[in-house]
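Trainee: Model the full structure from these sequences, guided by the hints.
Here are the chains, one letter per residue:
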Amino acid sequence: MENVYSALMQALQLTIVVAGAPLLTGWVRTLKCWMQGRRTAGLLQPYRDLARLFSKDIVLAENASWIFRFAPYVVFGATLMAGAVIPLISFDLPLGATADIIALVALFATARFFLALAAMDTGTAFGGMGSSREMTVASLAEPAMLMSIFTVSLASQSTSLSQMAHVITSTPLVLRPSLAFALLAFILIAVAETGRVPVDNPATHLELTMIHEAMILEYSGRHLALIEWAGMMKLLLFSSIGIACFFPWGISGHGDPLMLPPAFVILAAKLALIGIFIVLVETGLAKMRLFRVPEFLGSAFLLATLGMLSFFILE
Amino acid sequence: MTVSFAAQINSVLAALILLASFGLLVQRRIYGLLHIFAWQGLLLSISAAVVGYSAGLHHLYISAALTLSLKVIALPYILYVLIHRLKIHREVEEVVRIPTTMLIGIALVVFSYHLTAPITELSDLVTRSTLAVALATIMLGLLMMITRKKAVTQIIGFLAMENGLFFAATSATYGMPLVVELGVALDILIAAFIFGIFFFQIRTTFDTLDLKAMERLKEEE
Amino acid sequence: MIITALLVINLAAAAVLAFMGDRKLAPELNIAGSAATFAASLALAVRVHDEGPFVAGGGFFFVDAFNVYLAVLTAFVSMTTAVFSRRYMAHERRHGKIGHKGMRFYHAMFQLFIFAMLLALLTNNIGVLWIAMELATLSTVLLVSLYRTPPAVEAAWKYFILCGVGIAQALFGTVLLYFAAEKIFGEGSNGLLWTNLSAAAGSLEPTVLSIAFIFLMVGYGTKVGLVPLHNWLPDAHSEGPTPISAVLSGLLLNVALYALVRCKVLVDGATHSHKAGYIMMVFGLLSVLVAAFSLLRQKDVKRMFAYSSIEHMGIATFAFGLGGPVATFGALLHMLVHSLTKSSIFFTVGHAAQMHSTQDISRIGGLVKGNPLVGWGLMFGVAAIAGMPPFGVFTSEFLILTALIKDAPYFVPLFLLGIAVAFAALFRRVIPMVFGDAPSWQKPIKASHMPVLVHMGLALGLGLYLPGFLSEWFHMAVEMLVK
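Chains as they are written, first to last, in my numbering: chain X, 7 to 321; chain P, 150 to 370; chain D, 70 to 552.
Treat the hints with care, since some could be wrong.
Stated by the list, open to error - Listed below are the simulated BS3-like cross-link pairs for lysine-lysine, each with C-alpha atoms no more than 30 angstroms apart in a straight line:
1) K236(P) to K170(D)
2) K170(D) to K299(P)
3) K552(D) to K361(P)
4) K298(P) to K236(P)
5) K368(D) to K166(D)
6) K361(P) to K166(D)
7) K299(P) to K166(D)
Claimed, not checked - Here are the in silico distance ranges between beta carbons for each label pair:
8) G257(D) to D273(P): 16 to 24 angstroms
9) G90(D) to L335(P): 22 to 30 angstroms
10) T177(X) to L206(P): 27 to 35 angstroms
11) W40(X) to H207(P): 29 to 37 angstroms
12) E243(P) to R92(D): 28 to 36 angstroms
13) E243(P) to A84(D): 39 to 47 angstroms
FYI, nobody ran anything at the bench for these hints, they're computed from the structure. The structure presented is a predicted model; accordingly, all values stated were derived computationally and were not measured. Quick reminder that beta carbons are idealized off the backbone N, C-alpha and C, glycines included.
Mentor: Written as structure tokens, this is what we have:
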């Protein structure tokens, strides 16, 4: 009985990740339109975009190898696997035990690695440029990400996300400077990882500034749909990692189905708030010049390190 | 306010003071530096007041008020006026090797932690853990003075070191005796006037406040 | 009562001189103020001599054999320097090197500086000791930049920044000392009083005091001018007015060393080991060697003697670190005779520089022909400072060497090497300055002879015969320092 419940939970959360991701993206775009006084395309526009892309034919470059065709599935699959270990509405996650936070970072890295390979595969100038930029950002963001997450693991004495979230909800609230630093660092990294302003702009195809978009210029049809979808999931997943690490209150406990509906509502509310935050930041800030990005991520690393140090020094 | 809650607030303040030190290390604009310095002073002052309240030591209120008036109001104001008179408020300092500086800074924090660890073990004050932060603040002020090449930024580094010393006194010992606190404050005030005079002397003799101009006195070969 | 008088005289003189400015009798008033201070310090010395060490002002002041002789020395050298500076500064004023405002500032700050040093010496509170040390720095910073030349401003800025940084470390050390003392004495000033601390040194936490000593060593060591923290010292000495070089070298370095030694006593008492001593020996020996070899390359005469001060402070620090009654006795004597000899050398060097309008060694020559007293004064001063018998420095260095041979013979070669190199370097530079033909640009000046004669007489006298009261004080101080 318990196993069935756990499996159900797992399936439910995966469904939320897959189905809810375009909604979050739609919410962010809608808000942005409101902020900028434009007419919106509606909350559901990302779904329509995906559906349109799936129905289109694929145009392949002549010299594209198997890597180019293979990469979208790897990207989507890795992101989906990452989604399986992050607690969204319940701590009951049978797959959660198989992969901890380090594996999670590795999954995202795998996706990125294949995307960068694929971008270079066709041999266009933009693809190579995008890969090199993406890898520069990643090489700085990933250590900072690990530092930030480790700080939280130190406080909760576990590297499993659901365990970490569980410990934080079940201990009394104390002011922890280490967690505050880790959160700040995490926000900076999440911005860089999900390719939002001020590091990257998902809505631009300007060759001087684009990072992520430059890598997927050659993709079309089903492949592009999968990559875009994975990108939307990544935004949702980073938001949920942030929620699980820093604001896990409201996620329902083990074997507690009655708490599920409120947990779902709370999750939706939190994600909506994160959307508002993203839009406020993106409207308020200009995209920074590319060579300032290492500095930006450097300060994220510094904050994460300070968080870890203050855990040892002050707590 | 319970003692442990006060200790929590104090450690958050300590963390912010440390963050401010790093901010000073990488900030390029002079006004930005001044603002961070004033914020650091404010945090210090709040921390002294919190410690004073939770430990029931009223002389710390005087220290807090002294810090507030000296480091949040007087010194930033003096510097502000000087910067305006010298017309250097638009200057942006070139800070090189920020990542290296930051890494050295982190290493200094670790060093401070290790150096003070045996001391904090001996203490039973609730604020003892912030001693490492205080030493780190001193060290980071020192680092700032080494890496910066402008007279004003060096002075801000110097004053940030003083902030660290004050924080050390409140965190390690609940504040030094009042005689000493007052004397130190007086010394800082005199120092403030001296560096004010200095800025003008350097400006009139070297035409700039960039210390790279000052490299005449070296050992002759 | 006497102590209050001693300190108030300087403060009052500083205030009056600041008010009086560059009037006619200002230099004379400066001398009078210092002379009154000297008289008060003598009265204090007599009291200590008759009654032994005492605590005054509700525990705020403490006078014993160790600081009373330094207080008398400070007051004495400040008096002779005031006498010297009357003619010296008048010359500078005539040649337009310094203006009306500068003179006012110079006189007021000179008195404030002496006040700060006396306060540092006489206070019993190690927190106040720190404040007074900082005040001594601050009051001399702008004196170093008095001439407003680019090198002078640069030297003063270096002095301000480096000593500011250094002394901040000493404050951290003081906080740690207070932290250790608070466990025994509780809140309040009691925990900072040196008399209390030294009585209870055995029960102070040894780990805390060891760490505190590192910071105190770096902090006060910067002011003593120990290598590698010495960078400010040659600049400040060479670019400031000569009377300030004389008091910086002769007095300030002593006071800083005094502060360091007071702290060392506490640390030794707490740790029951010789750790602090070893640290001081390393710093001291390094200073001796580095300064001696730097002496070889100097072209500026005041800068050269600044390095010589680093060397001698290194010797004294090394001797205090070595510990033991003989070495400590030697160190105490060394502080005294070095101060007398070095300030006398600066007096003659100042006049020599004025005669040739330069501090460049190669452009100074034939001093004996131009002004025999300045020439011979410099010659004998250098002979004394290089450690030739029968001057006092020889006696003190001989004592230190004797103790060194007995306690740590493996350091003897290095120590002797330093002294020998310094000796050679000084003579190589000074003999062409003193003898030979007078260059055409040499001009006669009105020199002030009295201070040089008195100082050299005392340095010689102390080499030949140590007065009974002085050796008694030294023995008492040694007893306090060597437990």
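Trainee: Could you run down the list of hints and mark each one as holding or not?
Mentor: Now the hints, each set against the structure:
1. K236(P) to K170(D): holds, 26 angstroms
2. K170(D) to K299(P): Given pair K170(D), K299(P) holds - Cα atoms ~28 angstroms apart, limit 30 angstroms.
3. K552(D) to K361(P): Violated, at about 50 angstroms.
4. K298(P) to K236(P): With a Cα-Cα distance of about 18 angstroms, the restraint between K298(P) and K236(P) holds, given a limit of 30 angstroms.
5. K368(D) to K166(D): Judged against 30 angstroms, a Cα distance of about 22 angstroms means the pair holds.
6. K361(P) to K166(D): At roughly 26 angstroms apart (the allowed maximum being 30 angstroms), K166(D) and K361(P) satisfy the hint.
7. K299(P) to K166(D): At roughly 28 angstroms apart (the allowed maximum being 30 angstroms), K166(D) and K299(P) satisfy the hint.
8. G257(D) to D273(P): 16 to 24 angstroms: At roughly 18 angstroms between Cβ atoms, D273(P) and G257(D) fall inside 16 to 24 angstroms, so the hint holds.
9. G90(D) to L335(P): 22 to 30 angstroms: This hint holds: roughly 25 angstroms between Cβ atoms.
10. T177(X) to L206(P): 27 to 35 angstroms: Check passed, 31 angstroms falls within 27 to 35 angstroms.
11. W40(X) to H207(P): 29 to 37 angstroms: violated, 54 angstroms
12. E243(P) to R92(D): 28 to 36 angstroms: Taking Cβ atoms as reference, E243(P) and R92(D) lie about 49 angstroms apart, which means the hint is violated.
13. E243(P) to A84(D): 39 to 47 angstroms: holds, 45 angstroms
The structure is inconsistent with the numbered hints 3, 11 and 12, although it conforms to all the rest.
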